[in-house]
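Enquirer: So the sequence lines, in the order shown, correspond to chains A and B. Going by my numbering, 385 is the number at position 252 of the first sequence; the sequence numbering is gapless. Going by my numbering, 358 is the number at position 19 of the second sequence; the sequence numbering is gapless.
The hints are simulated quantities; they were obtained by calculation from the structure and are not laboratory data. Heads up, some of the hints might be wrong.
[To be verified] Below are the SDA-like pairs computed for lysine to any residue, each with C-alpha atoms no more than 20 Å apart in a straight line:
1. A:Lys211 to B:Phe450
2. A:Lys182 to B:Ala421
3. A:Lys182 to B:Gly414
4. B:Lys505 to B:Gly465
5. A:Lys182 to A:Ile208
6. A:Lys182 to B:Leu409
7. A:Lys181 to B:Phe420
8. A:Lys189 to B:Lys505
9. A:Lys296 to A:Arg203
10. B:Lys479 to B:Gly437
Model, not experiment: these values are computed from the prediction.
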Amino acid sequence: MLSRRNPQLNAHGELIHLLSIEGLPREVLVHILDTAGTFLSVNEREVKKVPLLRGKSVFNLFFENSTRTRTTFEIAAKRLSADVINLDIARSSTAKGETLLDTIANLSAMHADMFVVRHGESGAPHLIARHCASHVHVVNAGDGRHAHPTQGLLDMYAIRHYKTDFSQLTVAIVGDIVHSRVARSDIHALTTLGVPEVRVVGPRTLVPADLRAMGVRVCHDMAEGMRDADVIIMLRLQNERMSGAMLPSAAEFAKTFGLTPDKLALARPDAIVMHPGPINRGVEIDSSVADGQASVILPQVTFGIAVRMAVMSIIAGNEA
Amino acid sequence: MSTLRLDAEALYAELLGGVRGLLLPDTVLVGIWSGGAWLAERLHADLQRGGLPGLISSALHRDDYSARGLAGAGGATRLPFAIDGARILLIDDVLFTGRTIRAVINELYDFGRPHVVDLAVLVDRGGRELPIQASFAAAKVVLPATQRLTLARENDGRFAFSLKDKS
């Protein structure tokens, strides 16, 4: 019989890969957030390094560029004492025609213990997890439009840090929801952690009504989306969407859905503003908001390291 | 004897006396999660020490991580004082192989270089695998390695030991 077990969990329900937040039980998410809290304090110690992954090799496989995410994974792995190998994969073997699984087989022969994978194709990290040796762990660092689970988790860490209790919150996610793996991971995490109202806000082309199937409220009106929100997550407007029929122009988007002080004023007075970065000042977020009191964009980056340390140390300690 | 009885409350009274004898004015108490942390909190109050006791976790320096994974037990390290030059008295409930104490000393050094590190425990159950000794143990017993001795804290704050076969 074919096993229907979540490929991220072993027979004991312990996390062995992090591929997607979808389908992970609430306890697993809470355990990651709690562990991240421990690592946040490690980053403030005189010695910012613990030996949990000593002797392990972590390979950063970024088939798609991302300086920030790759760097935070690298810092996280190094603070756990792992050896980190960064492969500029987009310019190496794949460019020469090697298949993804051949690349993985070769790196496994170099005794990799963990792959941190970013790939333009949805599902690539799942494919790798299915085909790598049983002692190898895989972390999805963003795949296509599918998932960006560590970003989702660090967003949850930030929300819990500032708002304490998920069960009373209204969270608005604004921008290009349909193409955003961050939005998808955030929505799965927020609903799993019991947030009663998750709103997705943007134009019809980027926020189709069928997103309601994910258990969210769809708002095409910015004022409706902002009203009494506790948390506002602004997404980066991806320039590549601008050329198609998705949006008339960045200026048009900024006027209607860009977060300005007057739109923020509709949210609760203690609302926090988040953004996965990099930000487009003056497009999806006004500079005065990005640098303002409500913004927690830079703390998100700090939390991201602790959350990635937590994920790596939890999965590396569990056997398949 | 198969029915070993350890009266944790009576042993606590012994530990309180023993710790009092080890304290200098500048000694700080650091309890090891979880049992040692409870003990340190109660000792700190009973001895009327100023400030807060330190609490320390062995989780990030354990040598059985590859076999056991990241143990979720206990809380995080909280050391509300400078470690550089400090005179530290570690408190734990049960001293067995010595591996927890080794991990905890490594954890301490992530925060600085203490002047002196000492150890007081409720029970020394023998079975050491590292050259580590306590300066004070309220009781010394020899238990088979197959048994697990754990301290529990009741709702009213009183301590009790339980002895179980390892599964």
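Enquirer: Does each hint fit the structure? Answer for all of them.
Expert: Hints versus structure:
{"no.": "1", "hint": "A:Lys211 to B:Phe450", "verdict": "holds, 18 Å"}
{"no.": "2", "hint": "A:Lys182 to B:Ala421", "verdict": "holds, 18 Å"}
{"no.": "3", "hint": "A:Lys182 to B:Gly414", "verdict": "holds, 19 Å"}
{"no.": "4", "hint": "B:Lys505 to B:Gly465", "verdict": "holds, 17 Å"}
{"no.": "5", "hint": "A:Lys182 to A:Ile208", "verdict": "holds, 10 Å"}
{"no.": "6", "hint": "A:Lys182 to B:Leu409", "verdict": "holds, 16 Å"}
{"no.": "7", "hint": "A:Lys181 to B:Phe420", "verdict": "holds, 18 Å"}
{"no.": "8", "hint": "A:Lys189 to B:Lys505", "verdict": "violated, 30 Å"}
{"no.": "9", "hint": "A:Lys296 to A:Arg203", "verdict": "violated, 28 Å"}
{"no.": "10", "hint": "B:Lys479 to B:Gly437", "verdict": "holds, 15 Å"}
Checked against the numbered hints above, the structure breaks hints 8 and 9 and satisfies the rest.
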